[in-house]
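Undergrad: Turn these sequences into a full structure, and let the hints steer you where they fit.
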Amino acid sequence: MNPFQPVADVETRLCTAVNAAIQSWNAESLAQIVQIEPPYHPDEEYQELIYSLQNNYPEDDDSTEERLEQLIKQIVPETEESEDADGRPIQSWSSLVTFLVNWMAFLRDVDPANYLEVYQRLKELLEQANSALQHPTKGILMLPTIMSYSNTFAKVAMGLDKQPELIQDLLEESMSEEGQRESLPEKAANVVRQAFITCLNDRNTVPGGIKNGKPDGKKVGIYKMANICLRILQQAEKPESCETIFRNIMQSSPPLGIYPAAERVTFLYYLGRYQFANTRFYSAQLVLQEAWDHCSTDQLYYKQRRLILVYLVTSNLLLGRFPTENIYQLAEAEGFREAFTPITQAIRKGDLEKFRRITKLDFSHPASSFLLRHRIFYQIGNYCEVLVWRSLARKVFLVTEMQDQDQEEELTMQFGDATKDKKASSLDLNTLLHAFQLLEGRAKNKNAAVSAQDQGPGRRSMASVIQGLHTPSKPKYIDPDFDGVDGLVPYDHEMDMLEMESISSSLITQGLMNGYISRSSLRVALSSISKRGGLDNAFPNPWENAKSRNSDDVLGWKKEAGSETAGLIVHLSGARPVGE
Amino acid sequence: MSSNAPTAKHDKANVADSKTTEQPLSQDKKPAALEEDDEFEDFPVEDWTEEETQIPNGNAHLWEESWDDDDTNEDFAVQLRAELKKLGK
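Protein chains in written order, with UniProt numbering: chain A, 1 to 580; chain B, 1 to 89.
What the hints contain is simulated information worked out from the structure, not anything from laboratory work.
Fair warning: there could be bad hints in the mix.
[To be verified] Computed spacing ranges between beta-carbons, pair by pair:
id, chain 1, residue 1, chain 2, residue 2, range
1, B, 46, A, 492, 55 to 61 Å
2, B, 44, A, 211, 24 to 30 Å
3, A, 494, B, 52, 55 to 61 Å
4, B, 70, A, 326, 22 to 28 Å
5, B, 72, A, 552, 35 to 41 Å
6, B, 44, A, 325, 30 to 36 Å
7, A, 480, B, 44, 22 to 28 Å
On a predicted model such as this, the values are computed, not experimentally measured, just so you know.
Idealized CB from N, CA, C, for every residue including glycine.
TA: Here it is as structure tokens:
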């Protein structure tokens with residue numbers, strides 16, 4: 001350094017560094033300069049900057065903004081209009097100047113302990129950074145800065161969301177047309193989404209946005225920004241708001257496969273959670289399997305793998321595909337055996353009573369804490385129920401078939417072949433109803449052990465009858481609105497034939513039972529049971545059924561290049577030359 | 001201790017379309033201790049190779065697709081059979 005040159009002030013030094021970062025095309029270095037969160041590095045430099053700004057460029061001086069703007073324009077000539085190496089004009093980058101002025105003002109004014117102020121000012125700053133990102137060539141240099149700001153912004157929004165008393169006014173302002181309030185995290189996600197859209201719609205790339213097998217231009221930022229948005233929305237429990245992001249991706253993103261593994265796996269996790277939350281379990285399973293397969297096995301990422309596995313196993317379970325010993329033995333599957341095997345056992349056997357105990361809403365079953373912890377309790381309770389119905393119907397058929405055979409043998413012995421029964425290929429709905437009523441009734445009994453020994457009236461031990469152990473616990477809930485009204489009896493649900501028909505038709509419609517219901521004889525005629533495949537024709541394999549009813553295309557998972565709207569992708573690999 | 005003692009507990013979650021929900025959600029009670037959703041932490045590295053993933057040992061048998069239980073002699077089936085026999089079916 002020239003000893004005769006006066007030492008530049010701190011604002012000039014920082015602006016010089018900004019200019020150098022742009023000149024050397026170093027986006028990371030730019031992000032390291034425009035820090036917003038203490039502790040700053042190096043701290044003394046930033047403290048000096050804050051002090052100098054407060055004294056030389058104070059907030060209440062009308063000329064401050066203009067003077068800062070002049071300074072930046074002078075020291076950061078990279079923001080001026082220029083030409084590239086081929087002589088093509090590069091437009092000026094005035095949005096960066098605005099951003100830098102506001103960044104300095106942010107440092108000067110904002111008290112990091114005042115969350116509300118941080119939120120509002122950071123929102124503005126992030127919006128200005130987003131504008132700077134839009135510069136056709138240089139904008140890409142803003143990407144690391146925007147990612148870092150977005151992460152901080154998300155943290156602040158999530159933190160504030162837990163202090164509703166602080167954000168009352170902010171929320172009042174954000175009433176949507178339908179009268180629904182947008183939560184703070186949603187508002188934050190909307191700001192971050194701007195950057196995602198800018199990356200997605202970058203026109204300054206090679207056609208298709210892929211260069212040398214890698215995303216070109218700002219398209220490199222698509223999944224980085226999408227993942228931040230998705231994390232905010234996931235944490236804010238707003239999975240429905242993620243849909244726009246997935247639709248945008250299908251429209252304009254290069255295929256996911258060309259992005260770095262960490263971005264792919266993170267994105268697929270959120271996509272899987274979204275599909276899961278929307279009860280599209282087949283899609284969820286496809287996406288989460290891909291995330292699992294491509295996640296690094298480094299022990300550092302145990303937590304990520306475990307989270308993927310929780311939803312991968314649950315999605316499969318809901319589709320009738322059970323985890324094997326190989327899964328239970330994984331380190332990431334700790335606690336899975338205790339949580340999932342009671343469910344799979346109940347499904348296998350059709351043990352509706354046991355299933356009801358696991359999914360009982362008083363959360364008394366030991367597995368329920370795991371299911372609640374991971375927010376899969378509701379899905380298991382509701383969507384595995386049909387699998388239990390299917391198994392129970394199947395078992396009732398098997399058991400009654402045995403009885404029929406016994407009877408047949410007896411009758412044949414007495415009267416010869418003439419009495420061969422045709423009932424064997426149908427399921428009696430009265431018998432099925434009886435089985436359902438029995439198991440539902442038992443499930444209401446609080447004491448599982450007593451209930452298990454219950455062989456029905458006439459076979460109970462005298463002691464247990466005297467103690468009243470077989471009395472099912474009656475429902476006691478009365479809505480507070482009706483509390484104190486005389487003569488109210490809490491509703492006690494009892495299954496009837498109409499419900500049995502409904503369950504049977506539900507199984508048939510969902511492809512889990514093959515046949516038709518004869519209402520006149522109250523039987524389900526089971527299809528092709530006497531043909532090859534037997535019982536499997538009447539009760540198709542749930543997983544195979546799920547596979548045949550679902551597509552492998554998942555909204556949000558871009559597998560091939562090309563736009564959804566550009567029409568169908570034509571594969572020419574199988575085409576023959578003209579004239580052949 | 002008898003099992004038919006009055007139970008004061010109300011259901012604490014709402015499963016709206018479950019047919020067997022005998023007690024709808026009481027408005028003033030929230031689900032018991034629904035903790036915050038686990039955060040999917042950012043990976044500190046950007047990329048890794050396929051050799052560092054599950055793919056090299058990918059053929060492990062992870063799923064059981066045919067699990068129907070045809071055993072009519074297991075406890076549950078035996079009990080069911082005994083019950084249904086009483087119907088005279």
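Undergrad: Each of the hints needs a verdict: does it hold here or not?
TA: Results for each hint:
| no. | hint | in the structure |
| --- | --- | --- |
| 1 | 46/B - 492/A: 55 to 61 Å | 59 Å, holds |
| 2 | 44/B - 211/A: 24 to 30 Å | 27 Å, holds |
| 3 | 494/A - 52/B: 55 to 61 Å | 57 Å, holds |
| 4 | 70/B - 326/A: 22 to 28 Å | 24 Å, holds |
| 5 | 72/B - 552/A: 35 to 41 Å | 38 Å, holds |
| 6 | 44/B - 325/A: 30 to 36 Å | 33 Å, holds |
| 7 | 480/A - 44/B: 22 to 28 Å | 51 Å, violated |
In terms of the numbered hints stated before, the structure departs from hint 7 and from no other.
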